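J.: In case you want the letters, here they are:
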Amino acid sequence: MRVLTVDDSRTILAMLKHTLTDAGYEVLQAENGQQGLDMLGQENVDVVITDVNMPVMDGIEFIRQVRAGGQHHNLPILILTTETSQEKRDLGRAAGGTGWIVKPFDPDKLVSVIRKVSH
Amino acid sequence: MSDLDEFKATYFDECSELLGELEEQFAAIEEGDRESDRMHAVFRAIHSIKGGAGAFGFQRLVEFAHSFETLLDYVRDGRVELSDDVVALCIRANDIVADFVAAARVEEDLGADFGAEEKAQFEALCNGDAEDEDDGPTQEDFDEIEFTPVMVDLEDEPASDSFDEAPLSDGAAADLAEIALETDKVDDAARGWRVEFTPLPALYERANDPLLLLRELAGLGTSTIEARLTELPLLHDFEPFGVYCSWVITLTDTSASEADIREVFEFVEGDCEIAIAAIDGSAAAASAPVAEAEEETSFADLAASLNAGAEMDEDAISEEPVSEDQAVEEASAANKSDGEPVAEDKPAAKSQPSFADLAGELGVTGLDAGDEDEDAADAAIAKTEAAAKPAAAPAPAAAGYTKPAATETRKPAMQSIRVDLDKVDRVVNMVGELVITQSMLNQQMDDTLRDKYQELVRGIEVLAQTTRGLQDSVMAIRAQPVKSVFSRMPRLVRELSAKTGKKIRLEMVGENTEIDKTVIEQLSDPLTHMIRNSADHGIETIEKRTDKGKPETGVIKLSAEQAGGSILIVVEDDGAGINRERVLEIARERGVVPPDTQLTEDQIDNLIFAPGFSTASEVSDISGRGVGMDVVLSNIKKIGGSVNVKSRPGFGTRMTLRLPLTLAVLDVMLVKVADCHYVIPLSSIVETIQTSRSDFGSVPSGSRLLKVRGEYVQVVDLADRFDMNSITDDEHRFVVLCEAEGGVKVALIVDDIVGQQQVVIKSLEENYESIDGIAGGTILGDGSVALIVDVQGIKASPTRQNAA
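In order, the protein sequence lines correspond to chains A and B.
With my numbering, the residue at position 85 of the first sequence is 85, and numbering never jumps.
In my numbering, each residue carries its 1-based index in the second sequence increased by 1000.
Since the hints were made in silico from the structure, they are not lab data.
A portion of the hints provided could be inaccurate.
Here are the simulated DSS-like pairs of lysine-lysine, each with C-alpha atoms no more than 30 Å apart in a straight line [as the list claims (entries may be wrong)]:
no., chain 1, residue 1, chain 2, residue 2
1, B, Lys1008, A, Lys17
2, B, Lys1423, A, Lys17
3, A, Lys17, B, Lys1517
4, A, Lys109, B, Lys1008
5, B, Lys1557, B, Lys1483
Keep in mind that this is a model prediction, so the values were computed, not measured.
Produce the complete structure using the sequences and hints provided.
T.: Set out below in structure tokens:
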């Protein structure tokens, strides 16, 4: 299982990688939506976890473009957000996000959410 | 270092970068650049700082950053106008965030009031428009922020065939244990739920998968899953993207509450219709036989109709969860007797004529966890999924569960990579050794060899070239823009301006000039002192400036540029300049300079770097107690640089730091003194002269002077200085004329000049002990050790003599 993590924060990327690697996933990293798209074009990915606020291309646009591309309509995309408000989450869902994870994330919860949306 | 510490280190690293970027953005915003991109960048940076802080439980930082972020959000979308006052507030808030980060790093508490005033101001600004404000981070949000990495045993992956082993719900194993306990404790086994689940197209558009939801739901207890295909149209009415399938799940033997069930559907709320109804024990029990009865016919037919030409979906089969029921047994038996694999396919893709009929019959699918029936049960779920799936597939014929392999190559995703500094340093060290080996080879190449082995010589020449290129490339990796240090200065100037009541503007030029990372790290303190000095002693008060007809606002200019093999960093102010009379007076008072010494203007200016010297009449809160500028000198010397100050009374002061591009390799002149090798940094050598042609003079005290182009320069005989006996005849020795910092020249007398080469500097302090007059050591090509002459330290300057 390969998880693509997209976040402009190195801290969050590192923590995601640690948790996911421990849980037996292979982790790919991208620092913004554009890098995420590029990576999806090159690699096989089973699940995507993406931040919302990022430079170059934010998470919402990233999800929109992944879905618009047509190839990845079945790819689960989880939105990683610190927003306690519903707003960002709904935007992400409207763009085609599969589910969400609220930062700061609990490692158990993270893994269980990935299982929830992936085979 | 624990994982947590490592993450924290990453976080603080990242914070430094973000804070630097924030400084830059705010500087531009303050200048009047109200480009919306800037506010977005500021918002993102604060947001990132908050995000990480949440993960580590830096509660105060999170709270402050959150209020700040809310204000920024309001500014971003125009609900709060970005007036000068708001900009000033934001800049202050930015400093406070920096303080919170610094406090978090050293685990210091800044007190409850810190930042409270600004926080209140944010809230007041945003309050006009507070209806749709989110409720902010509550205590609850951070209750579980402690980051404890989990170990998840691969054995526990849901890939295992039995549902019972696979921890699926939140809190995984612990919850399962609890469920088991509760079921024992509470006699609730008969209680259950009936869940009607009807996906809408949106559910598929977001890549949610009913199969996974059913799997998760099934994990909550014993389940019977019934697929309802009554909506399935006849083939010619069949829409590839239509959604025709729904399910009724009967959950028994469960301790799950309605909330638990709702949580399963958390991500698809609004994308499906869900009806949850509690059933009592008898209803639950009754539902099973019903399913069984219908199953008998439908499943066998389904299997039979589908096997022709169909492909097995491996994903679906191998990870297929199975739940418990007796219903499928018959179907399974029928399937096995057929001797054909159970198969499924995308209906829309294959358009089998029998599909409409089949679909009509496909009423119920029961699942069984019994080993024998796994395949059948798997296929059953896969089947129901297949019927529903096409809805999500924009390209039905190509749609599958396996991800399309991306074969086309695009431009590389990463333009940069992050590498541990340790790793780079290892390479730097090895390249250093390589340089030495290369120069050793060169040394051993005498004329006989040159004639005899021309090919070898050519090879060694190429090696030299490549080594040089390699060295430059490696050094370029270590190089970083000075921006990281420069970006800390605007805040300093703001604070100084506030403390002194002077108006000061900071101008920065050449922030992208790159220097070795180690040099940059050592640069922060000296620069801080220099800028403090300029603000405190250089720039005049507003009244004084107005009196002199200068603009009210004083300017400090900070610039960086590359000049040959060095980097020049200049701090320049348009203040009063150095008061030479006062400097000299103080220097004499404190005994820094002997009473009768005559000093040039330059020498007087450079006295401000002398240890224990301060011109401030009162000890100032800002520049401290005269320990400032000598720190500059010693720090800069430590990294092989020099400091020079030039001042024009009434017009300002310019302080120049000259820094080496790299610390690892030094270009030197190799000389011999009493049969020992010494090296002199090439950067400080002005010229070399034969002693026989030199014009020596002497002063009454007995020390020798050298007259070069009308200028008298102090002479230091290295043999005498290092207590060695020169065996070379005075006539055949050499003078190496060096220029130390501040433009002071010194003439070193050596026995012989061997040549020019590169050496890797080894620290004497680390390997032996510090020696006066020696800056370090190096290993030569033949393996012998040579000492590096400290040109700055070796000249017996008037200040030094006096201090001793």
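J.: All the hints need checking, so say for each whether the structure fits it.
T.: Status of each hint after checking the structure:
1. B:Lys1008 <-> A:Lys17: Cα-Cα ~15 Å, so holds.
2. B:Lys1423 <-> A:Lys17: Between B:Lys1423 and A:Lys17 the Cα gap is close to 21 Å, so the pair holds against 30 Å.
3. A:Lys17 <-> B:Lys1517: holds (27 Å)
4. A:Lys109 <-> B:Lys1008: holds (21 Å)
5. B:Lys1557 <-> B:Lys1483: holds (14 Å)
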